[in-house]
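Engineer: One letter stands for each residue in the lines below.
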Amino acid sequence: MRKARLVFLCLCLLSLLALIPSGLVLAQEEEVEEVEVEEDVTLEATYRKLEDSYPGISFEYEVALSYTGPEYGSSREFDLAVKAPPDWSTYITPQYGDQRLLSIPLKAGMGSSKIKVYASPPTFTMPEAGEYSITLDATSDEVSGSVELLAVITATYAFNLIPVNDLYSTSATSGKDNFYSIVIRNTGSDTLENIKFSSIKPEGWSIDFSPEQIDELSAGSLQTIDVNIKPAAKAIAGDYQITLAADTTRVTEEFKVRVTVQTPSIWGWVGIGIILVVIAGVVFVFMRFSRR
Amino acid sequence: MKTVFRKEMADHFSSIRVFIMFLLTLFISGLALFAAYQGIRGTGSGGFVFLRLFTTQIPDFPFAFLLIFGNFNALFFIPIIGIILGFDSINSEQSGRTLSRILSQPIFRDSVINGKFLASIATLSIMIVISVLLISGFGLRLIGVPPSSEEIIRLFLYLVLAIIYGGFWVGLAMLFSVLFRSTATSILFSLFVWIIFSFGVFIVALAVPAQTSSLLLQFSPNWLFALASGVLMQPQLGAGIVLELVSSTIQPNPLSLGQSLLLVWPHLTLLVSITLICFAISYIVFMKREIRST
Amino acid sequence: MSLSAAVETSGLSKAYDGKTVVDNLRLRIAEGEIFGLLGPNGAGKTTTILMLLGLTEPTSGTASIYGHNPTREPLQVKRLIGYLPENVGFYDNLTARENLQFIAELNGIGEAEADARVTELLDAVGLHDVNDLVVGKYSKGMKQRLGIADVLIKRPKVAILDEPTAGLDPEGINQVLDLITGLPEKGAMVILSSHQLYQVQKICHRVGIMSQGKLVVEGALDELGKKVGGGTRYQIEVETTEPGIRAIAIIKKVKGVIRVETKGNMLLIGTNSDLRAEISKAMVNNNLPLIQMRIQTLTLDDIYMRYFKEG
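Protein chains in written order, with the numbering used here: chain A, 1 to 292; chain B, 1001 to 1294; chain C, 2001 to 2311.
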């Protein structure tokens, strides 16, 4: 008796559980049928405004496309086009994978498909700092949609400071002028102003730059600076290290140069002279005093 | 005396012994230059650059101090050269039976000992001067910085000091050569004293209280020479090396030449006096000595 | 100062640590003389020489070399004296020529003059062929001859030679003695200290014998012989089978015989002249058997030995 009751209860629960999904599906179907569906495509960027600074940058946007159409599950092919400022290079890839896309099939009512839009500003003739808009259009006959993506480029201030011909060592005569050249190149995206040169040097040395200062150096351009290294008059021959630096208010660059100090050859000759005198003296002493 | 001096000079400069010592001198100069070359190149221009040729050690080099001319090699080798030049000056004449023959010539007896002493000092001086000049010459070529006038004066004073220091050892060796008939005995005694003054005194000085030890050290010519040459050649070390100033945290200023001299003066006079005492004793003993033919 | 006493000492004494080595010595040596200073080892000969040179100060008394006092005027004295020490030494690392040149230089002799003298002397002592050899390679005899040259280089007025013939071979001895004999002609008097009595006798004009610091006897050789030999110059030895009082009496009757002694079969007869003929005649006349007869001049050896036997 009792057993029969328990089985009945279980059967009742099972039938209830079976009823729930079909009930939900039924509800959906009822909704779709109720709404008057227009054919449409929507594009939505996950992050639509990106910022980066120069150089070598590439803006990468993730865009979700979804298509709604009258017939559930019907597929439609959309052409994709990116409108970007002149000289920018753009391309589109799926979210995963690196195929370059020109179109994408979308199924009505089947959720969104994600793609990636890449946009790179030109490397040369650098775009100025500012906001650039990139538009992604998806069109299929009369159905079209678009999204505006924003690329904000901020100015970069950077430069290279290198010796001419990559010579990180030079030689100098103590107490004398010795010329050395360095090159400064603006690698940033904006004009550098008030570039000043400085050096870290051993005691008693003088290092002069010509020109002493650069007022303006436009982006991408370079300039050669003559450096006059004058070691201390009493600097001992040998290898020294100096540091040459250039700085603006924003950036500082420096590098180290090995300076081999040579001494004025006159003292070398005086030294040789002393040695010769000593040798002559020894020979004289031996000749003078020795018997044989 | 001039004749004896000349003959002794001729003896020195004809002997293999002195020739070998000359080679030793050259070798030491070479070592010093090597040290200077390794240790001094590219070290800037501050202070007494030229003097550093004589005092620089090679950084991170085992036993680097062995190569320094100014305060190690001079300290140790000048005595040896002095001893070698003096230890047999009188007793070799006695054992060679030439002394009575020489003394029967019309010369004063002290001419013999004076001439010998001066000839040894002269030989020693020539060696030291050659060594210093060689280092200077090669060093000048090496570092290319001419010595300032003060450095030249300091170097000259150092030379004088080294010669006096050498004179002490010549005098000492000569004293033993007067006192002992056997050359072996006199060289043994000389070397014994050399060891005492080079090492023994310092070991004893470490063992006794500071007051006693500084007094004790005043009688070691090695100590006097080391201090005086330190003040002359490394003025940047300041007065600290002599006066044992406590404030070691403060980098002392280089001493001026006048101050250096003032500081060195007592050491110099002490060194001169012990040298003279040494020579005077040998002089007196020699003058009083009965000259037998054997 | 008379010329006859070039070297003179009076009351010259030297004591070492209270032990008297030279005792109240009185010497007079005339110019041009070769004086032999004799005596056993330790008699004070070398000390005396050193005092004459001024190398040792006398304890008391004075010496005088041509009027100069060696203690007070050592340089003048040393200029006059050439001294050859016993076992003379030279600088072994120098040649004979250089050794001599050095001595010449010490004497203030000019270079050219020194060169000339050195060459001459090396010739004279027979070392010319080896003059450029270092003395270290010399034999004893060569060194000794070089020593003579060394003394002569300064042309001394007094040459003091201490054992100049020690260690020489007979030929060397003769050469050296010849050199010494020639010295007075060159204006040098010689003081010769030696044990070689035969040599001293051969070349010395006068000798002095020292013993224990004293000059026990001094004089010309024949004078000495007389003094020592009991006043006779000759000794005639006669061997006979009948020595005895009769024989002595017979011989004593011979004119000129000064004394007669017997010694075994020998008769020792002291005379001042050669009386062999007279003595043999007397013996034959008196029937004394004469086995053999020998005449002896007293040698320095005899004098010396006799002296020290008595002393």
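Rather than coming from a laboratory, the hints here were simulated on the basis of the structure.
Some clues are possibly wrong.
Here are the simulated DSSO-like cross-link-like pairs (lysine-lysine), alpha carbons at most 30 angstroms apart as the crow flies [as the list claims (entries may be wrong)]: (1) C/K2253 - C/K2186; (2) C/K2263 - B/K1288; (3) C/K2255 - C/K2281; (4) C/K2253 - C/K2281; (5) A/K176 - A/K114; (6) C/K2186 - B/K1288; (7) C/K2157 - C/K2214; (8) C/K2202 - B/K1288; (9) A/K107 - A/K83; (10) C/K2252 - C/K2186; (11) B/K1002 - C/K2157; (12) C/K2255 - B/K1002; (13) A/K83 - A/K114; (14) A/K230 - A/K196; (15) B/K1288 - B/K1002.
Engineer: A separate judgement is required for each hint: does it hold in the structure or not?
Structural biologist: Hints versus structure:
1. C/K2253 - C/K2186: Outside the cut-off at roughly 50 angstroms; violated.
2. C/K2263 - B/K1288: Distance ~56 angstroms between C/K2263 and B/K1288 Cα, so the pair is violated.
3. C/K2255 - C/K2281: holds (12 angstroms)
4. C/K2253 - C/K2281: Holds, at roughly 12 angstroms.
5. A/K176 - A/K114: Violated, because 69 angstroms separates the two Cα atoms, which is more than 30 angstroms.
6. C/K2186 - B/K1288: Cα-Cα ~35 angstroms, so violated.
7. C/K2157 - C/K2214: With Cα atoms ~26 angstroms apart, C/K2157 and C/K2214 stay inside 30 angstroms; holds.
8. C/K2202 - B/K1288: Outside the cut-off at roughly 39 angstroms; violated.
9. A/K107 - A/K83: holds (25 angstroms)
10. C/K2252 - C/K2186: Violated, at roughly 49 angstroms.
11. B/K1002 - C/K2157: holds (25 angstroms)
12. C/K2255 - B/K1002: Given pair C/K2255, B/K1002 is violated - Cα atoms ~71 angstroms apart, limit 30 angstroms.
13. A/K83 - A/K114: Answer holds: A/K83 to A/K114 is near 19 angstroms, not above 30 angstroms.
14. A/K230 - A/K196: Roughly 19 angstroms between the alpha carbons, so the hint for A/K230 and A/K196 holds.
15. B/K1288 - B/K1002: Holds: B/K1288 and B/K1002 sit about 22 angstroms apart, inside 30 angstroms.
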